[in-house]
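Chains A, B and C are the protein sequences, given in the same order. Numbering that gives the first Met the number 0 numbers the first residue of the first sequence as 0 and each following residue consecutively. Numbering that gives the first Met the number 0 numbers the first residue of the second sequence as 0 and each following residue consecutively. Numbering that gives the first Met the number 0 numbers the first residue of the third sequence as 0 and each following residue consecutively.
Treat the hints as calculated values from the structure; they're not laboratory data. Some clues are possibly wrong.
Cross-link-like lysine to aspartate or glutamate pairs, in silico, EDC-like; alpha carbons within 20 Å at most [to be verified]:
hint: 1; chain 1: A; residue 1: Lys-171; chain 2: A; residue 2: Asp-121
hint: 2; chain 1: A; residue 1: Lys-327; chain 2: B; residue 2: Glu-17
hint: 3; chain 1: A; residue 1: Lys-345; chain 2: A; residue 2: Glu-307
hint: 4; chain 1: B; residue 1: Lys-318; chain 2: A; residue 2: Asp-121
hint: 5; chain 1: A; residue 1: Lys-327; chain 2: B; residue 2: Asp-72
hint: 6; chain 1: A; residue 1: Lys-143; chain 2: A; residue 2: Glu-188
hint: 7; chain 1: B; residue 1: Lys-318; chain 2: A; residue 2: Asp-304
hint: 8; chain 1: A; residue 1: Lys-124; chain 2: A; residue 2: Glu-188
hint: 9; chain 1: A; residue 1: Lys-253; chain 2: B; residue 2: Glu-17
hint: 10; chain 1: B; residue 1: Lys-318; chain 2: A; residue 2: Glu-287
hint: 11; chain 1: A; residue 1: Lys-37; chain 2: A; residue 2: Glu-47
hint: 12; chain 1: A; residue 1: Lys-165; chain 2: A; residue 2: Glu-307
hint: 13; chain 1: B; residue 1: Lys-318; chain 2: A; residue 2: Glu-307
hint: 14; chain 1: C; residue 1: Lys-128; chain 2: C; residue 2: Glu-206
hint: 15; chain 1: C; residue 1: Lys-172; chain 2: B; residue 2: Glu-154
hint: 16; chain 1: A; residue 1: Lys-116; chain 2: A; residue 2: Glu-188
hint: 17; chain 1: A; residue 1: Lys-165; chain 2: A; residue 2: Glu-188
The structure presented is a predicted model; accordingly, all values stated were derived computationally and were not measured.
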Amino acid sequence: MLYFIPGIVLEQRKEPMLSRDMAVMKPDAPRTFSNPFKEILPRELRPEEITELARLADIIDESDGRSLYEKLIEADKRGVEAVIADAIDDEPYISSQLNIALHEPEKIALALELCAKAAHADLSKTRVAVYRHVLDITIRIPKKLAGVEVMRFGGRYPAEMRAYHKFQKEKKTFSAGTGALLHLVRAAERGIAQTTCFVTVAGDAVANPRNLEVPVGTPVSEVLRFCGLAADPEAVIVGGSMTGRSVSDPEEEKVGVMTRGILAFRESHKSLGYICIGCGRCDHACPEGLSASQLRRFAEFGRKDLLELYDVDRCIGCGACSYVCPSKLDIGSAIFAAKRSLAAEKVLSEKGGAAE
Amino acid sequence: MNEHGLILQNAPHVRASESLFTVMADMVVALTPLYLIAWFYYGPRALLLGLTGAATAWALDLLGVLVCGRRPDLRDLSAAVTGLLIPLLMPASVPYYIIVAACTIAILAVKFPFGGTGNNLFNPAAVGFAFAAICWPGQVFSYPAPMQQLAVVGEAVAKTAVSPAHSLMRGAIPGLDLFDMILGNASGPMGATNILVILACGLYLWVRRTIGWRTPASFLLVCGLMATAWPRSPFGVFDSVGWELCSGMLLFGAVFMMTEPVTSPKRDFAKLLYGAAAGVVAMLFRYFGGFEDGFVFALILMNVSAPLFDRVCEHLLHKIRRGALLPEKKLPASGAERPPREKKPKPGLKKKTETGVGV
Amino acid sequence: MKKMNAATASLLQESLGKILFSNPVLVGGMVMGEIVIGATSLQNAVALSITFAIVTIPVLLLAPLVAHFVPKTWRILCYALVSMSMLFTAQAAVAPISPTIFDSLGIYLPLLALNTVVVAYSRLISEEKSAVFNLLDGVCFSLGFLIVAALIGGARELLGNGSLWGYAILQRKASALALPFSGFLIAGFLAAGIEGLRILFHAKPYEHFSGGKEDQK
Numbered sequence: 000m001l002y003f004i005p006g007i008v009l010e011q012r013k014e015p016m017l018s019r020d021m022a023v024m025k026p027d028a029p030r031t032f033s034n035p036f037k038e039i040l041p042r043e044l045r046p047e048e049i050t051e052l053a054r055l056a057d058i059i060d061e062s063d064g065r066s067l068y069e070k071l072i073e074a075d076k077r078g079v080e081a082v083i084a085d086a087i088d089d090e091p092y093i094s095s096q097l098n099i100a101l102h103e104p105e106k107i108a109l110a111l112e113l114c115a116k117a118a119h120a121d122l123s124k125t126r127v128a129v130y131r132h133v134l135d136i137t138i139r140i141p142k143k144l145a146g147v148e149v150m151r152f153g154g155r156y157p158a159e160m161r162a163y164h165k166f167q168k169e170k171k172t173f174s175a176g177t178g179a180l181l182h183l184v185r186a187a188e189r190g191i192a193q194t195t196c197f198v199t200v201a202g203d204a205v206a207n208p209r210n211l212e213v214p215v216g217t218p219v220s221e222v223l224r225f226c227g228l229a230a231d232p233e234a235v236i237v238g239g240s241m242t243g244r245s246v247s248d249p250e251e252e253k254v255g256v257m258t259r260g261i262l263a264f265r266e267s268h269k270s271l272g273y274i275c276i277g278c279g280r281c282d283h284a285c286p287e288g289l290s291a292s293q294l295r296r297f298a299e300f301g302r303k304d305l306l307e308l309y310d311v312d313r314c315i316g317c318g319a320c321s322y323v324c325p326s327k328l329d330i331g332s333a334i335f336a337a338k339r340s341l342a343a344e345k346v347l348s349e350k351g352g353a354a355e
Numbered sequence: 000m001n002e003h004g005l006i007l008q009n010a011p012h013v014r015a016s017e018s019l020f021t022v023m024a025d026m027v028v029a030l031t032p033l034y035l036i037a038w039f040y041y042g043p044r045a046l047l048l049g050l051t052g053a054a055t056a057w058a059l060d061l062l063g064v065l066v067c068g069r070r071p072d073l074r075d076l077s078a079a080v081t082g083l084l085i086p087l088l089m090p091a092s093v094p095y096y097i098i099v100a101a102c103t104i105a106i107l108a109v110k111f112p113f114g115g116t117g118n119n120l121f122n123p124a125a126v127g128f129a130f131a132a133i134c135w136p137g138q139v140f141s142y143p144a145p146m147q148q149l150a151v152v153g154e155a156v157a158k159t160a161v162s163p164a165h166s167l168m169r170g171a172i173p174g175l176d177l178f179d180m181i182l183g184n185a186s187g188p189m190g191a192t193n194i195l196v197i198l199a200c201g202l203y204l205w206v207r208r209t210i211g212w213r214t215p216a217s218f219l220l221v222c223g224l225m226a227t228a229w230p231r232s233p234f235g236v237f238d239s240v241g242w243e244l245c246s247g248m249l250l251f252g253a254v255f256m257m258t259e260p261v262t263s264p265k266r267d268f269a270k271l272l273y274g275a276a277a278g279v280v281a282m283l284f285r286y287f288g289g290f291e292d293g294f295v296f297a298l299i300l301m302n303v304s305a306p307l308f309d310r311v312c313e314h315l316l317h318k319i320r321r322g323a324l325l326p327e328k329k330l331p332a333s334g335a336e337r338p339p340r341e342k343k344p345k346p347g348l349k350k351k352t353e354t355g356v357g358v
Numbered sequence: 000m001k002k003m004n005a006a007t008a009s010l011l012q013e014s015l016g017k018i019l020f021s022n023p024v025l026v027g028g029m030v031m032g033e034i035v036i037g038a039t040s041l042q043n044a045v046a047l048s049i050t051f052a053i054v055t056i057p058v059l060l061l062a063p064l065v066a067h068f069v070p071k072t073w074r075i076l077c078y079a080l081v082s083m084s085m086l087f088t089a090q091a092a093v094a095p096i097s098p099t100i101f102d103s104l105g106i107y108l109p110l111l112a113l114n115t116v117v118v119a120y121s122r123l124i125s126e127e128k129s130a131v132f133n134l135l136d137g138v139c140f141s142l143g144f145l146i147v148a149a150l151i152g153g154a155r156e157l158l159g160n161g162s163l164w165g166y167a168i169l170q171r172k173a174s175a176l177a178l179p180f181s182g183f184l185i186a187g188f189l190a191a192g193i194e195g196l197r198i199l200f201h202a203k204p205y206e207h208f209s210g211g212k213e214d215q216k
């Protein structure tokens, strides 16, 4: 049924990073906080104590950048029914969330229990959500991970955005990334605050592609040196492979909680620019149903009236249009940039109107 | 490259393996069986005509690109596809200079004045053939009987046979069995008589996603409906539909020419409307036109109106998307930091139509 | 040798430009219809050019006079009357070219009496200028018209009919070149060629309808 929602099918390329255990960069020097509950076993913590732990440990959820403490408070207020661990990695190469779920299932199960208690949710409805269409991997995703049922979220890319929306708004669920959950368990068991984050280091220029636990604030070049570079990369990306950002200076660029992935490619694809022949593949790939080919033309010529008529503000920046383009045009970035500039102009004109 | 030896590229950073070269190479591959079958029926002249067309078109395309001041791209096969399409629309006994003239007009008058590849207003092959049809109607529409080996170079003196489309135009009954016509054992345009091979090539192109199914399907459906409603043969409806669809260049045009990406609409619903309208116009040209198959003229007319269909469809989609007066989407930049993503809640019923595959 | 002052020199240069780089048909876009439809052979082209000259030059010369005596509303009517009265002279001049000249041109010969130069250009530009300017305008426009018409008509006749001035030369012909669409095509290519030449010779582009009354406001 989900295949009627437009999108694209992506080759996931998550091996060998997914099968390898998470490596740790700089395994020593954790930052502890004074844990008032350190005598209590994690399973016996009370809901408000769990929330307090999340606050003391400064945990930020990597799936949306919000503090876990705030999310728990809000979920409790909203009244949720189920707690879900977000291990959906639908972009190629990126597997940091899925790796934690597969290699540390007991910790994730414990974390889900804690969150369910903190949010007063039904324990039987906790799930670990994974992306169903990751077929080219060597380890099997079992039906249950340490007793917690695995929910396979299907559909074409962009699936994570759709899943996030579904969990947050439509169903009464609380979802948190597996990285944040792992930090919560560490806070409960050993009183460690969050100082690290989990990234996937991959790409054909990396000698040892793997998932890595990296201290927040490490320069990207250090992470790449840790994994080893097989060749001089032409392009270094932080973020996802579909929505990530090109890095200009790897020494300056620091790893953050939301980074999720560092990719180094031997060749940049920028040089292949053909002409648009109007084949319409981008229009079919757009999950929002926009006319991507026309929007790109309007963005190029600055036709604001037509951009609005063709609903440029509905673009979610997933990059599916650029992915399928046989002429290798940068459709998605052009449209998204046009959308941002139009929105900025509107804000300016509103401010100008308000000032009068 | 910046000072760190890195190139800044735009997201997404992985791309599909399909490229423009593979798309156009698919078309060339799909046209090859038609040439091989024409070789079987008419001798090596068919292959030489195709090569002449492709070489002329490719050379003129190169000339045009150089005059425009652009760097020639050797992977751009669109001119070669045009050059291969034109001889298939003509009889195998057509003189070489007609092919050269048609390809010249197709490239120099239809592609380049408007901007080159990706910017042509009309289907170049259609205009080239139309030009040849107006200039030399006698030679472009006199078809040799199949299964004779024609002279390879120079003028080909051939025994002509009346084509089924011509018989229908005159009000006579085509003297051919439908089975013969499907196998290609009929007189007609070199590439357009082999119905089975065209269908197979069309299937290949559809599976490879070079063409969609909507335009050819709606076109043929409407042609069939019109043949049913106003049959030109005294026998039953099935015969009428069969003869109309298998004679002339309707099927060939539906698979190879109507689906040309530059000149056909992009939205799915617009494609259906476009195919239907083109079907009506093509059949009207057949019933009331001067030539036995005025499909190319119908195609040229519809090419001009293709953006109109797209625009109408877009207005429709706009109304559907904005139907529930929802607040704007706020989405962060494509980058490493992903602050909260808010997506518009869509009411349950609207969800299918908004993102449904039909529109 | 009479020394020319700067104004005359620039006037001459501008007028010479009007033949090629500011060609009325290809750059100014005037009188397009008669050329693309009517100029299907060299004889037709020459006939059209002679008619254009005979019909337009008197109007341009009379424009300042008419502007002086006649109120605005009636001026175009006067120009049209003048040009149409010159039509008989034009037809007499054209008749010797070929016995079938009027049949092959049809309505496009008399239609020249109401071409853009007579109806719009005279009103907007010629009324303000001197007689010398207008005469030069008329002559250069006619020359430019002749060149373009001869090129288009000659090409269409040679390639489309295999003949030149009625004498058969080639064997093969592409008869679709006699249709209007090919006229537009050839005119388009010639316009592109002139633009290319203009860039090559670094000539200034010329706006036909600027420098008139509207611009002086």
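Here's how the hints hold up against the structure:
{"no.": "1", "hint": "Lys-171(A) - Asp-121(A)", "verdict": "holds (11 Å)"}
{"no.": "2", "hint": "Lys-327(A) - Glu-17(B)", "verdict": "holds (9 Å)"}
{"no.": "3", "hint": "Lys-345(A) - Glu-307(A)", "verdict": "holds (12 Å)"}
{"no.": "4", "hint": "Lys-318(B) - Asp-121(A)", "verdict": "violated (41 Å)"}
{"no.": "5", "hint": "Lys-327(A) - Asp-72(B)", "verdict": "holds (15 Å)"}
{"no.": "6", "hint": "Lys-143(A) - Glu-188(A)", "verdict": "violated (23 Å)"}
{"no.": "7", "hint": "Lys-318(B) - Asp-304(A)", "verdict": "holds (16 Å)"}
{"no.": "8", "hint": "Lys-124(A) - Glu-188(A)", "verdict": "violated (24 Å)"}
{"no.": "9", "hint": "Lys-253(A) - Glu-17(B)", "verdict": "violated (34 Å)"}
{"no.": "10", "hint": "Lys-318(B) - Glu-287(A)", "verdict": "holds (14 Å)"}
{"no.": "11", "hint": "Lys-37(A) - Glu-47(A)", "verdict": "holds (15 Å)"}
{"no.": "12", "hint": "Lys-165(A) - Glu-307(A)", "verdict": "violated (27 Å)"}
{"no.": "13", "hint": "Lys-318(B) - Glu-307(A)", "verdict": "holds (12 Å)"}
{"no.": "14", "hint": "Lys-128(C) - Glu-206(C)", "verdict": "holds (16 Å)"}
{"no.": "15", "hint": "Lys-172(C) - Glu-154(B)", "verdict": "holds (16 Å)"}
{"no.": "16", "hint": "Lys-116(A) - Glu-188(A)", "verdict": "holds (16 Å)"}
{"no.": "17", "hint": "Lys-165(A) - Glu-188(A)", "verdict": "violated (32 Å)"}
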